[in-house]
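Assemble the whole structure, with the sequences as input and the hints as a guide.
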Amino acid sequence: MTKTDKTDLDDAGLELFFNAAREEDTAPSDGLMARILADAAAQADAREVAAVPQTPRPAPRLGLFGVIAAAIGGWPALASMATATVAGVWIGFATPDTLEDLAGGVLIPASSASQGYALEDLVPSYGEFAGLYEEG
Amino acid sequence: MDMAFDAHSDVSDEALLVAYGNGDREAAAMLTMRLTPRVLGFAARMLGGDRAEAEDVAQEAMLRLWKIAPDWRQGEAKVSTWLYRVTSNLCTDRLRKRRTVDIDSISEPADEAPGAVAGLIQADRARALKTAMSGLPERQRQAVSLRHLEGLANPEIAQVLEISVEAVESLIARGKRALAAALADQREELGYDED
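Residue numbers (this note's numbering), protein chains in the order written: chain D, 47 to 182; chain V, 16 to 210.
In short, the hints are calculated from the structure, not lab data. Since we're looking at a predicted model, the values are computed, not measured. Glycine residues also receive a C-beta, built at the ideal position from the N, C-alpha and C atoms. Possibly wrong hints are sitting among the right ones.
Derived, one-sided and incomplete: chain V residues facing chain D with beta-carbon distance under 10 Å [as the list claims (entries may be wrong)]: (1) P52; (2) L78; (3) A195.
Here you go:
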């Protein structure tokens with residue numbers, strides 16, 4: 047760096063000014079420090095809230111039915127049971143002919159003996175029972 | 016054994032920042048103590064001494080630091096370098112908005128030194144430098160300030176300003192030449208010759 051004008055300050059001269067400016071650095075106000083610390087706390091708080099997984103709604107208290115359902119294995123199992131129950135009732139009501147159809151066919155053949163259900167049909171064992179009764 | 020407050024001084028800024036990112040609020044307090052004076056001082060010099068605005072910038076810069084803490088990638092940049100860069104950019108934004116409004120409010124007329132009292136001379140020198148610096152182009156002012164007032168080395172300044180080291184050196188050289196010329200007139204009043 048060449049000095050062309052000798053009245054210009056050289057590096058040492060400039061350094062005096064820099065020193066003076068550095069020494070004059072005023073400390074941050076208490077207010078500023080407090081605001082910055084408050085920001086830090088607020089950011090940390092916000093992050094902590096966001097990190098907590100959403101608590102699921104507490105499960106409704108199980109009644110007796112719920113306990114049984116849970117014991118069996120939950121609602122899917124119950125659904126299967128319901129289906130089995132309905133099937134059982136249907137099978138109970140079905141005529142022997144219909145049962146054959148259920149087993150392998152689709153439609154009740156027109157030649158089926160029953161056009162409606164007689165009691166004997168609904169309760170297949172009734173015939174025997176009735177027989178016992180009549181004989182009794 | 017109780018650790019003295021400054022026994023933590025050997026903990027790096029980066030370690031404190033990572034700790035804060037994990038929820039350690041005391042680490043944030045330490046960072047605040049360490050970094051706020053530098054950020055505030057740099058902002059004040061860039062903004063021509065408007066204290067309130069410098070405080071706003073300082074608070075905004077520190078807020079950005081708090082936000083980035085959990086994502087801070089270690090070993091890449093110094094925390095102070097990152098902060099200086101953020102502060103520098105915030106100041107640039109404010110100066111840009113200010114430019115068309117009141118340029119004159121930045122440069123005060125240089126006061127005549129009232130006397131040879133050493134303390135007053137120092138204060139006057141500081142004020143004279145502030146005046147002279149505010150007359151510099153922004154980039155030169157940034158470079159000179161970071162080098163001679165914040166004490167950063169040229170490579171770090173290059174990171175702050177996102178330019179090459181050569182560009183930093185050029186800015187500083189030009190800035191100092193301009194300052195030297197501006198301040199030369201005030202040497203006598205400011206007691207330069209009395210040192």
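Now for the hints, and whether the structure bears them out:
1. P52: holds (6 Å)
2. L78: holds (5 Å)
3. A195: holds (4 Å)
Taken one by one, the earlier hints all hold for this structure without exception.
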